[in-house]
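As they're listed, the protein sequences go chains P and G. Counting along the first sequence from 1, when you hit position 130 you're at 130 in this note's numbering, and nothing is skipped either side. Counting along the second sequence from 1, when you hit position 94 you're at 94 in this note's numbering, and nothing is skipped either side.
Read the hints as simulated data drawn from the structure, not as lab findings. Do not rely on the hints blindly, as some may be mistaken.
To be verified - From the structure, some residues in chain G lie toward chain P, with a derived Cβ separation under 10 Å:
#1 N3
#2 R8
#3 A12
#4 W146
#5 I149
#6 E158
#7 V161
#8 L162
#9 G166
#10 G252
#11 Y253
#12 I259
#13 L260
#14 V283
#15 F297
Computed from a predicted structure; not experimentally measured. Backbone N, C-alpha and C fix where the C-beta goes; we use that ideal spot for every residue, glycine too.
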Amino acid sequence: MSNAMTLPQQPAKEQAAPKQRGYWGSVGYRLRYDPVTVFFGCVVLAIILAAVFAPLLAPFDPYKESIIGRLKPMGWKGHLLGTDELGRDLLSRLLYGGQVSLLMGVVPVAIATVVGGSLGIIGGFGGRRVNTAIMRTMDVFYAFPSVLLAVAISGAMGGGAANGMIALSMVFTPAMCRVAETATAQVKNLDFVEAARATGAGTLTILRYHILGNVLGPVFIYASSLVSVGILLASGLSFLGLGVKPPTADWGLMLSTLRQSIYINPAICALPGVAILVASVSFNLLSDGIRSAMDVRL
Amino acid sequence: MINIFLRRLMYAVPIAFGVSVVCFSLVYLAPGDPLQTILPADASADTIAMVKAAYGFDQPLPIQFLKWLGRVMVGDFGQSIATRRPVILEVSGALYNTSVLALFAVPIAFSSGFSMGAIAGCFPGKWIDRILTGSAVLGVSLPNYWFGIVLVIFFAVEAMVLPATGMGANGSDQFSVLRWSDAQYLVLPVITLSMVPIGIIARTTRAAVAEVMNQDFVITLRAKGLSEAAVIRHVLKNALPQVLAVMGLQFGYLMGGSILVETVFTWPGSGFLLSKAIINRDVPVLQGTILMLALIFVATNLLVDLLQSWIDPRIRRT
Chain P
1 MSNAMTLPQQ
11 PAKEQAAPKQ
21 RGYWGSVGYR
31 LRYDPVTVFF
41 GCVVLAIILA
51 AVFAPLLAPF
61 DPYKESIIGR
71 LKPMGWKGHL
81 LGTDELGRDL
91 LSRLLYGGQV
101 SLLMGVVPVA
111 IATVVGGSLG
121 IIGGFGGRRV
131 NTAIMRTMDV
141 FYAFPSVLLA
151 VAISGAMGGG
161 AANGMIALSM
171 VFTPAMCRVA
181 ETATAQVKNL
191 DFVEAARATG
201 AGTLTILRYH
211 ILGNVLGPVF
221 IYASSLVSVG
231 ILLASGLSFL
241 GLGVKPPTAD
251 WGLMLSTLRQ
261 SIYINPAICA
271 LPGVAILVAS
281 VSFNLLSDGI
291 RSAMDVRL
Chain G
1 MINIFLRRLM
11 YAVPIAFGVS
21 VVCFSLVYLA
31 PGDPLQTILP
41 ADASADTIAM
51 VKAAYGFDQP
61 LPIQFLKWLG
71 RVMVGDFGQS
81 IATRRPVILE
91 VSGALYNTSV
101 LALFAVPIAF
111 SSGFSMGAIA
121 GCFPGKWIDR
131 ILTGSAVLGV
141 SLPNYWFGIV
151 LVIFFAVEAM
161 VLPATGMGAN
171 GSDQFSVLRW
181 SDAQYLVLPV
191 ITLSMVPIGI
201 IARTTRAAVA
211 EVMNQDFVIT
221 LRAKGLSEAA
231 VIRHVLKNAL
241 PQVLAVMGLQ
251 FGYLMGGSIL
261 VETVFTWPGS
271 GFLLSKAIIN
281 RDVPVLQGTI
291 LMLALIFVAT
301 NLLVDLLQSW
311 IDPRIRRT
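The shape of chain P in the complex, shown without the other chains (with noise of 0.2 Å):
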């Protein structure tokens, strides 16, 4: 240890480079290399900013209605983007549309996250009976396609934006529960977590030090690819008209209601479901890219 902090540090700089680095640096030193992951990253940050600086950014008032400017095409009087069934600029719209629909398909992630991973790792860690209980509920969840899950609960629950965001919370938290569960069990018998528990460890000591560094890595690479599925699964909500109520922007219900028009202007109607697409691929490819940085295995 102290041999390390007296080391003169001007030399380092000229050696073989991978043995240098920590965990987290040969994880950044790979992503830098990765352009394709850097790219995506960007385009994730760059739908991020915009939706969060849509009051900014956005040329018109989304919900500002004009009964002659109704599905006029791209570049129509400043509307870069044209206008939808209401003759309400696009490009405003789909610049707000992003704050609802990546808070819903983040929302859920991140409460699944939370709840999944923590009874993941009691289930993991505490005892068979413990296991047995929580992981067989899992089961029954798990027994529903995703999609049917969720449009159950929010369909039963009578729609709405929170009762999407918890409906999406229910079909993610078996799945995270699963890998959360997997790693804590995998890492729960390792001979370092003994020697810890023979040194005098308590359980929250093992739990908080041992077992979380290392259930964490995998839980959130896992989380980070539900995020494209989030938003999937959140538009097709509102698609379905389970999400938020007009005349809110959201994607999937804006590419609901353009749907009746795609007879007068196609082009138009399909530019909700493009934003759609841009965001999922984005998260997805990001998310893939951080994964093998990390070298992490599911």
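Could you slot chain G onto chain P? The hints should help.
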């Protein structure tokens, strides 16, 4: 094999039971009283109590559940609130229409997804791998409800070569896949449905094949002088159990998860029935459809489990 079958069945039964508990509780997720839709707003306390007793809502929940389960066992899912028809008739008709779609989407998705993944996995890092893996990511991330609309725009609105929605002039009862005037309605929904499973299966197959390719026995096979085709056959067989698991899931999705695609194409299948039930707040239909679809899903997974242990004897021991 019989033993394995019984063991897996023992495992599937409690899950099916749990699934029915979830479906039963769906009614109680709904805001307000489940009887609100039937009762007039000015119903007296006596009438409410009477109707409650008639529907069995005055009894404790576990009793209600067991009675409901008993009726479900004999195929009585109650009556649709919207159409007054028995739910079982609505669901079975819709399931039949969905299975027509699945009949075509399943072979297309499974064969193209598997071959894409197998080719990519055999040449990891090569340009063909990059192209195929890239397309697979696109498939996985595709909002298929949007893709359906785009297909409609291209083939129905612009080119006018295929019909946009529905099941044709003859309706769902006389629908025949052998008549082109009917079968043309299948083309766009089937393509749309296949996209996501193709991506998912291709990704899984690629990962599985690439993993098996790195195992030592492949070197042994090559060292023994087997032809490349024979080596690949061994590799594919070893990758198959993993792929089958995902295929089973995808089959379940195609039978039940196609609600968005069926809504886009107004295809009168199980998914469309669900979205109608949600709009009409038709809880018995919602409950019945979801229960049936989830049970199909459970049965598919059971079948996949058995297939896996049949292909790979190592799985039998766990």
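Status of the hints after comparison with the structure:
| no. | hint | result |
| --- | --- | --- |
| 1 | N3 | violated (21 Å) |
| 2 | R8 | violated (13 Å) |
| 3 | A12 | holds (9 Å) |
| 4 | W146 | holds (3 Å) |
| 5 | I149 | holds (6 Å) |
| 6 | E158 | holds (7 Å) |
| 7 | V161 | violated (15 Å) |
| 8 | L162 | violated (14 Å) |
| 9 | G166 | violated (15 Å) |
| 10 | G252 | holds (5 Å) |
| 11 | Y253 | holds (5 Å) |
| 12 | I259 | holds (6 Å) |
| 13 | L260 | holds (5 Å) |
| 14 | V283 | holds (7 Å) |
| 15 | F297 | holds (6 Å) |
The structure is inconsistent with the numbered hints 1, 2, 7, 8, 9, although it conforms to all the rest.
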